[in-house]
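**Q** Construct the complete structure from the given sequences, taking the supplied hints into account.
Residue numbers (my numbering), protein chains in the order written: chain A, 255 to 563; chain B, 87 to 512.
Keep in mind that the hints were calculated from the coordinates and are not lab data.
The following label-pair restraints were derived from C-beta to C-beta distances: (1) B:261 - A:492: 18 to 24 Å; (2) B:199 - A:453: 38 to 44 Å; (3) B:385 - A:309: 53 to 59 Å; (4) B:199 - A:452: 40 to 46 Å; (5) B:404 - A:523: 49 to 55 Å; (6) A:492 - B:118: 56 to 62 Å; (7) B:312 - A:436: 28 to 34 Å; (8) A:453 - B:128: 53 to 59 Å; (9) B:458 - A:523: 48 to 54 Å.
Note that the Cβ used here is the ideal one computed from N, Cα and C, for glycine as well.
As a plain string of letters, each chain reads:
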Amino acid sequence: MHWAHFHLLTISDLSTEDIRTVFTVAERFAEMAQRPVKKAPTLRGKSVILFFAEPSTRTKTSFDMAAKRLSADTFSLAQSGSSLQKGENLKDTALTLQAMHPDALVIRHTSSGAAQYLAQNLSCNVINAGDGWHAHPTQALLDGFTLHQVWSSFSGKTLLILGDVAHSRVARSDVALFHKLGVNLRVCAPKTLLPRGIDNWPVQVYTDPASACADVDAIQCLRLQLERQSSGLLPSLREYAQVYGLRPSLLQAARPEVKVLHPGPMNRGVEIASGLADAGNSLILSQVSAGVAVRMALLYLFLTPTSKE
Amino acid sequence: MSAPECVVRNGTWQEKTCDVFIAQGKIVDILPADPTRTYEGQECIQAQGNLLLPGLLDAHTHLREPGQEYKEDIASGLAAAARGGFSHIMCMANTNPVNDCAAVTEFQLQKAAWAKPHGPFLHPVGALSKDLAGRELAPFYELAEAGCVALSNDGLPVVDNHLFRRAMEYSTGPQLLIIDHCEDPALAADGVVNEGIISDALGLPGQPSIAESLQVARDILLASYLRIPVHLAHISTRESVERIAEAKKNGVQITAETCPHYLLWDEEMVHGYNTLAKVNPPLRTKDDVLALRQAVGQGVIDILVTDHAPHADFEKDAPFAQAPNGISGLDTALSLTWSLIQKEILSLNDLYKLWAFAPGALFNLPVNTFAPGDPADICIFDPQANWIVSDHSMASKGKNTPCMGQSLPGRVMGLIIQGHLVHSQD
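**A** Written as structure tokens, this is what we have:
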């Protein structure tokens, strides 16, 4: 098992082979979740700091559980209740944490580039758990792993990313990952929620959801930040739901075995009709399970000396 | 060939006397007139040698309903359209309540269908921002689905460049063209006539030409940057024309309209505090009129519109600054255009293009090009007849036109829409 990386900042740092490696290791750890005793001693004595300077439930819990299942010790630090709230700058906070000699630091931050900034300043492994609109590589890896578990092959498959691509780190990382895996990519959103340079992305661009959904194998439905309306990008959540919300009539144009994904947290009735989130072809809860396995795989690959040979 | 259901006999189309055969609302055939041909069991409409024009399309009117029915309502507005030779008209959203949701659009369409089931047909223009307030986008998809054919904040120009950009981007989804009333409200301020000789002479606050041209320039820059089309409403200045000509040369997706009154009259018209010539944008200088005439002839300006803005008599009967802006245009537009043809400023082909073919293509509405299969929308027009503009001869409730009492050349003798004779002048 070859793993030559010291940090995980974006998907573009990884080769296709690296991504396959993560999936292979994650498959083993996914099995572990089925056992009565879900703990292995692999990372005993390692310490992982979970530095979440932006609200997060599932990503933080997922990393926490992943680390603990491998017997690492985790330490959580949030924006509120930390010295950041008292005006300490990011560098000083980071150096303070550094002085405690963690083995890995998982960072979530509202500023794009925050993970890279820490990686340049710290000597431990830095794993980006989402920075601004820039990247969320572990989300993309878990999305890939979720589909890897249900698809025999990625080639020839078409994935639609539906929703606010412009302000989405998930969309950027998903596009990078699935493009590497040879998946045909589509994005669909009102033009106000598409980035300016979208024509240069390796995707087909749609503003009409009905044509975007035609013959797709999977749909990743993005969360709509409710403040997009007040900033003039949308007339109303109602119109967004009626036109761009994923609903049964849109799914009819897709392949019969189409899979529905959502990185969470969902606004039921806005970007996704409530019934679809719970339907048989929804992989939304599988994504959560896959998240733990993928993050275990990453911690294993970063923190086990044998994996670095 | 199915049997023609109706025949328009002895009309002049492309300098030849023809019979036009119509079935199921569409043109079936056009044959040279033959006095020996008999028509049994077919309805005949006699054109008596008069010109056959396509039914016209006016992309810019104000019909005041709901909210100000004392100025005009949908029924009287459509009657004026029929009287003026229009088979389709578009109406702006500055009603009360504003047409910023499906409920208002559907109300307007229902009223039109009740008043004129066979046409002229009404096509509402949806508000670009909620309540035309220029702060939040209106629901474009909802408006499109209800029947709006374009979007505009007409009358209340959007100052917020960010909002206007987002509106342009969002409009690409439901594929509705944005019509922008170009006016910087801060620069236009309380100007009631063109800023210059006339404002000085009359002692009235002037509206500078750049109040329009600056926003024209903004829209061109946005259209170029975003590669999204914008249509510019009622252009009135030379500077605007020059910007548009340059933009078109550079491939920017800009189209523009002007009105007969900007091609015919200059600021001198308001002398004597003539409130009937008070309009927004104001009548400009002779030089602006010349630039606009040239622009229309060269295709820099794509279409003509009336900007039909009816007002009640008592409202215009006021000191100049207090009188509302606007000219009632549907009844007189074709005759005013004919006077431009008589002056050899426009040609008959220009008339077809500016009042029917080009707006039809721009707003995706069906117009008659006299080819088989086209909608049988035919305006029978007598270019020799003159008529006196009077309260009685105008169908619009708004009698506010500087032509009041004058004799105008050319008269609509009949209007056929989809094979139905909806208006005839006896």
